[in-house]
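**Student:** Guided by the hints, dock chain B onto chain A, whose structure is given.
Below are the chains, spelled out letter by letter.
Number of protein chains: 2
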Amino acid sequence: MTHNADLLLTNAIILTMDENLQIFEPGALAVKGDTIIAVGPEAEITRQFSGQQHVDCQMNILMPGLINAHTHVPMTLLRGLADDLRLDVWLMGYVMPVEREFVSPDFVQLGTRLACAEMLRSGVTCFADMYYFEEEIAKATSEAGMRAICNQTVLKFPTPDASSYEESLDMAREFITEWKGHPLIVPSVAPHAPYTCTPDILKKTAELARAFDVPLHVHISETAFEVENARKEYGMPVVPYVKKQGLFEAKVTAAHCVHIDEGEMRTMLHAGAGIAHNPSSNMKLASGIAPVKQMIDLGLKVGIGTDGPASNNDLDMFEEMRLASFLAKVSTGDPTALPAPLVLSMATRMGAQALHIDHLVGSLEEGKRADLILINISPLHNSPRFQRDPKGSYAQIVYAAKSTDVTDVMVNGRWLMRDRQLLTLDISELLAQSREYARKTDTFLIKREASVLSKLIAIGGATEEESFEVQAKAPVSDIQRILLALRKSQIEIIRFRHYREYDTYFYFDDPSQGYLRYREDHFIDEQGMITNVRSRLTHLGEACEHHFPQQVILSRSRYLAPATQSLRFYREYFKPEREVEIEKDRLRYLIKYKDTEFFINIDTIQKPKLGYFLEVKSRTWSRTDAERKAHLAIELIGYLEAQPEQITSQDYFEMVH
Amino acid sequence: MTHNADLLLTNAIILTMDENLQIFEPGALAVKGDTIIAVGPEAEITRQFSGQQHVDCQMNILMPGLINAHTHVPMTLLRGLADDLRLDVWLMGYVMPVEREFVSPDFVQLGTRLACAEMLRSGVTCFADMYYFEEEIAKATSEAGMRAICNQTVLKFPTPDASSYEESLDMAREFITEWKGHPLIVPSVAPHAPYTCTPDILKKTAELARAFDVPLHVHISETAFEVENARKEYGMPVVPYVKKQGLFEAKVTAAHCVHIDEGEMRTMLHAGAGIAHNPSSNMKLASGIAPVKQMIDLGLKVGIGTDGPASNNDLDMFEEMRLASFLAKVSTGDPTALPAPLVLSMATRMGAQALHIDHLVGSLEEGKRADLILINISPLHNSPRFQRDPKGSYAQIVYAAKSTDVTDVMVNGRWLMRDRQLLTLDISELLAQSREYARKTDTFLIKREASVLSKLIAIGGATEEESFEVQAKAPVSDIQRILLALRKSQIEIIRFRHYREYDTYFYFDDPSQGYLRYREDHFIDEQGMITNVRSRLTHLGEACEHHFPQQVILSRSRYLAPATQSLRFYREYFKPEREVEIEKDRLRYLIKYKDTEFFINIDTIQKPKLGYFLEVKSRTWSRTDAERKAHLAIELIGYLEAQPEQITSQDYFEMVH
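Chains A and B, in that order, are what the protein sequence lines are.
Under the numbering used here, think of the first position of the first sequence as 35, with each following residue one higher.
Under the numbering used here, think of the first position of the second sequence as 35, with each following residue one higher.
A portion of the hints provided could be inaccurate.
Same chains, same label: a pair holds when it works inside one copy or across any pair of copies.
In the DSSO-like style, the derived pairs of lysine-lysine whose C-alpha atoms are separated by at most 27 Å in a straight line are [what the hints assert, rightly or not]:
no.	residue 1	residue 2
1	Lys481	Lys425
2	Lys173	Lys214
3	Lys626	Lys278
4	Lys425	Lys474
5	Lys237	Lys214
6	Lys266	Lys237
7	Lys474	Lys609
8	Lys609	Lys278
9	Lys327	Lys425
10	Lys327	Lys609
11	Lys609	Lys425
12	Lys277	Lys266
13	Lys66	Lys425
14	Lys522	Lys651
Treat the hints as calculated values from the structure; they're not laboratory data.
So that you can see chain A by itself, here it is in the shape it has in the complex:
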């Protein structure tokens, strides 16, 4: 007696990707509703089952759909935005400013549809996402008929979808409450990374995931820098730190894990955590090489992910599989490392395990959801086919197949692609909409890139300072004499500081851009010890007025910002044409002279060796006030026993060239 199936797939080379890597050639598979009800040798299955619908697979490969274990799908709209940059410049200089400007429910829905289309066309049936407005991503994904784990991101900073992390946590809770049990979507939560989350976020997200029995997604140890900081700040590597916060109480999937040691691997193994390996992204951003062979040898479940299409720059799991294997081989020096059958497992069954959804998908087995793909392994670039070794099919898929060889895709028992035609998404419409976003993004960035100041403001804001500068400076031959003069009766010393100052000036070919000064101030105490260090970035507009005798007044825009990034960051971000370095020792007095406050700097310029200078400075918003102060400043230079006729308003860096 035969059983009824909705669909019978016959005449296929079936790679079940089950624990025993069973192959049926020719094999057949029966689907009822959303579920695989049988898989096996063709003769056996066709004897036992009759299908309402019947598909002859023409001896193409039939296998489980690929699982993209870590990505940020809406970032399809940021693909190619900026490349060949260091992580911080790329992220804080380009990606985050654009995200702040554009990420919205509409943006993530469109980005998700584009990503679903691209992934379906490359044989992906399920992905794990981490982004903002995750409910909108869930909507777009389920409408496209794809399966996903949608992880609502929680960060300590304000995000495009929430002004505080408490708000993000509430959103995550609501999202999970509403979507839990959905046939395609596993709603979940993602504390972004230990260094972007507070301990409280790590605790709360783990509690949330546990309460709803959903997985938890997190970035772990992507860069060496992150690990170094963790050691400095917490006195331990990243994995023990997050364990301490209770993160592993949840079913964790940790993306990247490039820089974890064996102890950390064992911690994660013990905690049942899965790992998402992202070879393209780790290579392109030069994050490093994850010790994947070691992880798998230890027993960890490692899936493969593309990471976001802004750092990959695509969502091609075929490339990713090949890279995972190649990278493991070259980094271990062992060409037998991560052989093709294992890599294909990582992209299917083991990926499902790493994401804690292997009860649903990851292999073609009775009872699992019907998520499957057909691959043509006979095109020119994958011929001939040798039959000697049954494992040859795995090697064909991992080492020579292209994503474009995937012909048909089914998710949850429903065809989403037939003969390379998508059935639930309209590519040309999506592309038209994406071009509109690209145009807006271009306009935004072109405007921003047009001036150094707007680039400065884009990466975190800068405050505008008083636009009139009174600046009188004279060379002196003897510091002691000036110090004595400061004791004179008309001078009241309000405050004194001793600095060592390291300045780097960035110049641009277009003088209207002004210039940038990166200054590191080392505060020196009475014993000559450094007590504090502070870095500041100042954007100085062109000085546009020199009308006062002896050029004591300058009028120019001046923006001051704390320098939270490294000098190297700013160099790569602003790309100056030239740089000048100035190092000086500065004795800085805030004094009162004739009821007016001035800064008095007694400077020893050490690089280049320009000698000693006395500088009198003040800033004001008022032109009248500036003129009054300019007179006083010149007077003060004389009173302090320097030569008023030698006064210059030149900055030190201007004396250099």
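**Tutor:** Below, chain B without anything else, positioned relative to chain A:
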């Protein structure tokens, strides 16, 4: 006044890939005969030129064809033959035996056509090949209309096309004489590698290349092992060694160069040598990571190659470009290393320089040959497109484009692909022929893999030994007593040797396979020093007769071969189910007893601790002789004062389990 062109290409985004990386958007290009006669802004070109034919490029990318700087094209017929193996097992266990069996003019012609079809469909217009029957490769390539540097291989071993290297050199000379000046083919010579060539080959090939002013292609420092051996054998690394042989007198292109130091790079720079970088192959075979960024920073010209499709496993230069960039970034820790414009240069202009043909091709410039391609950079997986940064097009091609995005290909002024349809090759016919070769190869390998003995013979032959073994062995408690007995009057000692023997036995589940013994003999002199080491591999068939009393005679096949490879090699090649190790100290006497020669072994089995044994052995082709000797052997055991009733014919390893 307008000039006449044969063809005008307009409305394109033209990446000229010239020294200044000029981009024309929209640009136009004029072709006359085989040559580019103008390229520039569309308005300018269309004003100056009228074309007999006119192609609107619809704002697709128009750029020079990609140059595959190192490959072995006929190996398309060996793609996927064997994967995830160590280099030696892969090469000597699979590739070379199959090559010995199948490589012929027909084989290389078919393989070349398949490769041309695959490469044209992925935007490659020119490649540098190194294989056998290179003239046949030149024929097939030029018939397909493609450009190639065809390097006739010279090796010190017999090859599929020559029984000696002198013959190969003659073939190379004839080939170059006949083909020099061909519009598509640069005929040339390839000493395979320093370790597979004699110094004389390196000298003669360089002289030949110089005499005809053609380039010379060679593998250099692909593995660390090669460099280690060069240091041992020549006392210097590989580059100085080949320089000493005069190789750099020729215009060299050196493939791989994975393990060269800065001094070697400077030597090659000074010699004007080019380099072909093969990231996929180097990663897949775990050869290592070539220091490409350092090479380019020093000024070396580095092209990109796929290597042969048997180790890649395809001929996809898009994958190769992406990998070159990714690998340089992750290995230097610098995400700005090998940025997209540089990588695309490596695959075009710099590749042509590395191959010494940049006067002909590599960029779209007036006077160069019309080798060009059109790429659609607007498919789903490469959208959206940002216009902000003109360099974005390079990043789109390197980081997101697929070979399948190439729509049209022209070589030497002739269209070879239009709208993804090949015009000079019939893919379905080629595939049918390749399937036939795959079937024959499968049959050959399946037959060979069917028995351990045939696998042994496949990797270099083994000599069959006498099939009757007389073997009588008895445990003894005291070696001194036996040594004294050896002095008895009826024993004449002909020869004595002292060994330490390390045996590894490979077992297979199927007992009819017999077993393999890998033996390392250490010869010990009178002072107890090791004077020599030899390794041998013995295949022992099932012992099939035990009819003689006390089981002294065995009849079994026995093949002996020098073990030229490592134990590890044989383990990975034969894949035994089980292994047993035996270590013993052996005093071995060749003696005469009653006019018959026997070997007498006095063995101390040290691993496992089995104790002392006296063994009497002889081998013969004759059953009658065996029976006579068996009687004598038993007698001899008694004469040497051991216990004949304890005689066993078991081998030591059989006593273990």
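**Student:** So, for every hint listed, does it hold in this structure?
**Tutor:** Hints and how they fare:
1. Lys481 to Lys425: So Lys481 and Lys425 pass the 27 Å test across copies only (18 Å; inside, 55 Å).
2. Lys173 to Lys214: For Lys173 and Lys214, the Cα distance is within 27 Å only inside one copy (13 Å; across copies 65 Å).
3. Lys626 to Lys278: neither (55 Å within a copy, 79 Å between copies)
4. Lys425 to Lys474: Cα proximity of Lys425 and Lys474: across copies only (19 Å, versus 49 Å in one copy).
5. Lys237 to Lys214: within (21 Å within a copy, 74 Å between copies)
6. Lys266 to Lys237: within (21 Å within a copy, 59 Å between copies)
7. Lys474 to Lys609: Answer is within; shortest intra-copy Cα gap is 24 Å, inter-copy 60 Å.
8. Lys609 to Lys278: neither (42 Å within a copy, 46 Å between copies)
9. Lys327 to Lys425: within (20 Å within a copy, 37 Å between copies)
10. Lys327 to Lys609: between (40 Å within a copy, 21 Å between copies)
11. Lys609 to Lys425: between (51 Å within a copy, 15 Å between copies)
12. Lys277 to Lys266: Within. Shortest intra-copy distance 17 Å satisfies the 27 Å Cα cut-off; inter-copy 51 Å does not.
13. Lys66 to Lys425: neither (30 Å within a copy, 51 Å between copies)
14. Lys522 to Lys651: For Lys522 and Lys651, only the intra-copy Cα distance (19 Å) is at most 27 Å; the inter-copy one is 115 Å.
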